[in-house]
Structure formats: C-alpha cells, structure tokens
Amino acid sequence: MGFREDLEALVLSCLSTGPAHGYELSKRIRVLSDEVLSVAEGKLYPTLHSLEADGDISAEWVPQGNKPPRKVYELTESGRKTLQRKQSEWHAFTRGVGSVLQNGVKEMKVVI
Amino acid sequence: MNNRSIDNYVSDLTRILEQTLSSQYAEEIAAETKNHLCERATELRESGRNFADAESTAIEEFGELRDLSIELAKGYPPKTAVEPRRLRFLPEIAVIVLLFISSYSYTVYGGWRGIETAAGLLLTSMPILMVPGMVAGLGRLKYRRLHPVATLFRLSTYGLVLCLISAACLVGIQVAGKGTLVSVFPIYYAFASATLVMYSLMRISFTNGKVYSFLRSHIGIHIRDK
Numbered sequence: 001m002g003f004r005e006d007l008e009a010l011v012l013s014c015l016s017t018g019p020a021h022g023y024e025l026s027k028r029i030r031v032l033s034d035e036v037l038s039v040a041e042g043k044l045y046p047t048l049h050s051l052e053a054d055g056d057i058s059a060e061w062v063p064q065g066n067k068p069p070r071k072v073y074e075l076t077e078s079g080r081k082t083l084q085r086k087q088s089e090w091h092a093f094t095r096g097v098g099s100v101l102q103n104g105v106k107e108m109k110v111v112i
Numbered sequence: 001m002n003n004r005s006i007d008n009y010v011s012d013l014t015r016i017l018e019q020t021l022s023s024q025y026a027e028e029i030a031a032e033t034k035n036h037l038c039e040r041a042t043e044l045r046e047s048g049r050n051f052a053d054a055e056s057t058a059i060e061e062f063g064e065l066r067d068l069s070i071e072l073a074k075g076y077p078p079k080t081a082v083e084p085r086r087l088r089f090l091p092e093i094a095v096i097v098l099l100f101i102s103s104y105s106y107t108v109y110g111g112w113r114g115i116e117t118a119a120g121l122l123l124t125s126m127p128i129l130m131v132p133g134m135v136a137g138l139g140r141l142k143y144r145r146l147h148p149v150a151t152l153f154r155l156s157t158y159g160l161v162l163c164l165i166s167a168a169c170l171v172g173i174q175v176a177g178k179g180t181l182v183s184v185f186p187i188y189y190a191f192a193s194a195t196l197v198m199y200s201l202m203r204i205s206f207t208n209g210k211v212y213s214f215l216r217s218h219i220g221i222h223i224r225d226k
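Here the protein sequences line up with chains A and B, keeping their order. Residue 1 is where the first sequence starts when you use this note's numbering, and the numbers rise one by one after that. Residue 1 is where the second sequence starts when you use this note's numbering, and the numbers rise one by one after that.
If you are wondering where the hints come from, they were derived from the structure by calculation, not from laboratory data. Be aware that a few hints might be false.
Just some of the chain A residues that point at chain B, by a computed CB distance under 10 angstroms [what the hints assert, rightly or not]:
1. Gly18
2. Leu37
3. Trp90
Away from chain B, derived, C-beta distances all over 12 angstroms, residues of chain A [what the hints assert, rightly or not]:
4. Ala9
5. Ser16
6. His21
7. Ser26
8. Thr47
9. Asp54
10. Gln64
From the three backbone atoms N, C-alpha and C, an ideal C-beta is built for every residue, glycine too.
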C-alpha cells in the first residue's frame, strides 16, 4: 500500500464523519490521529481532486455570507464502499505484519 | 520568515498555474488555497499572533510555491487538452456536414427516394454523433465543467434532434405510401433506440457525479481516464 493510497483512506475515513472543506479535513486528520499525522497541503488537495474525479467524494462550492465561497467535500456511496475495502486491506496488512513480528519474537526466544 | 501577504501568494500561485492549466482550474485551485490560508491565519490570530505574522506563518506552512503548484496541478487536464476554442464550432460543423451529405443524396436521387436516403443517412449517423458526449459525460468527471464537455453535450443534443426528425421522416414516407421501408424499419429503430439510450446515459451522467457514483457502485460501470 503506497503513501498516496494511505492518504486516500485517511481522507475517506475523515469524511465519513461528515462533510468538510480542505482545511477542516487536514485538522481532522491531525486530531483523529492524536497529533501523530499531519498531511502536507501539497498532497491533500491533489488527493481530494483525484477522489472527486473517481466519484468517491463529491464537492460543492458553498457560499459563506460576505466571505468567499468554500469548497466542501462529501463522501459518496461509492466512496463508502472504497473506504470499507481500504479498511479491510489495512486490517489484513496490520494483522500480517503483527503476526510476522510476534512469531519472529517467539522464534527468537526458542533460539535463545 | 515569509513577508508576502496571502493575496500576493495566491496571485503568484494563479499565475504559475495558468502556465499549465486553464484559467478556470487555476482560479479554482487558487480560491481553495486562499480559503485554506485564511482559515489558518485566522486560527493563528486567535492564538495571539499579529495579522502579518499570522499570514506569513500560514504561507510558510503551506509550502514553497514552485513545488506546490506542480503538486496542486496534478490530476487536472493540461491546458492544451482543454482549449475551448478548438472545439467551439464542432457540433455545428458536424451537423452542417451531415445535412450537406444528406441533401446531396437527395439531389442525386431526387424525389422520395432521395428523402429515404437522406433520412436513413441521418438516422444511422446519429449514434456516432452521440459517442463523444457520452464518453465525456460518463468517463471524465473532472472535465465536466470545461467548455469542450459543454460542446460535446451540444453535439449530442443535435444528434438526438436530428435522429428524431429523420425517424419521423421515415414514418411519414411509409404512412404516405411513398416508400416501402417495412423491411428496414427494425434497423432504423434499433439505431434510434441506441441513440436515445446513449443520450439518456449521457444526461444522467451530468448530475454532478451522483448518478455516476450510483451506476458505478450498483451496475459496475467504471470508466477511468488515467
């Protein structure tokens, strides 16, 4: 799983909690990861546009009174399915890595 | 520390982006960037920074313009692919060419036989006119708002109108007893039905991605332009 795909999963997951604009999304990623992850804007916006092009999220320019309109992103039905697929892939990956690490430790103990 | 204001930064970004993207996309990216920077600057001001310092920090955090503009432009069609002038009169030219060929066949054959030929020619050509619109509508979501898509959409609308006119002509010829078309009706109406189906698909694909997403997840339509 490449970084770009991970970022797509993060964005989809953050949008599953509700629609958000770009800045709010970057904050959500930071907060939901307990300040561990911070996404570079140069990566976040291209990812959002790519997900929009794939139909996984939809975007709308929302007027905000006397301020300029804001582009708000929302998860689509197709995006929810993509998120579910990415979540299962991630769980399989972490299970696999966890298993290798744990069995590695056991083997080492036996050898010692 | 960066002393540029957000407005200057965004206008520089727009200028750089316009070298590779259409003005419409460059402005869209710039507007989103400006919103981001303003939100961040506001947050920094609320935490006690002064105005200039907040703007500079927000810009500094956002990143260096040159590298960033390359990243931000990713996923958008390059300028050359979206030049609206290139395709502006394509639908009208296509329709004129078709009408010219049809009227030529009418001139050559004369009378009802010419009308049959012209109507048949128009009818069978219509699905071909629909293809660009449908491909643009279904497969290239991110190109939706560009002029070429609107042009292709117009092309498809002309295609549908001409198809209906030519189908009506054929029925008229048959009803008036000026031609015997019963044996070829199934072929003609298969074309007409194909045109209607294609047109409907294209129309529903122009619903801001919602129907597209539905089709993609429920029927398995998945056309990517990557």
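Now the hints, each set against the structure:
no.: 1; hint: Gly18; verdict: violated, 17 angstroms
no.: 2; hint: Leu37; verdict: violated, 15 angstroms
no.: 3; hint: Trp90; verdict: violated, 20 angstroms
no.: 4; hint: Ala9; verdict: holds, 17 angstroms
no.: 5; hint: Ser16; verdict: holds, 15 angstroms
no.: 6; hint: His21; verdict: violated, 7 angstroms
no.: 7; hint: Ser26; verdict: violated, 8 angstroms
no.: 8; hint: Thr47; verdict: violated, 9 angstroms
no.: 9; hint: Asp54; verdict: violated, 7 angstroms
no.: 10; hint: Gln64; verdict: violated, 9 angstroms
The earlier numbered hints that this structure contradicts are 1, 2, 3, 6, 7, 8, 9 and 10.
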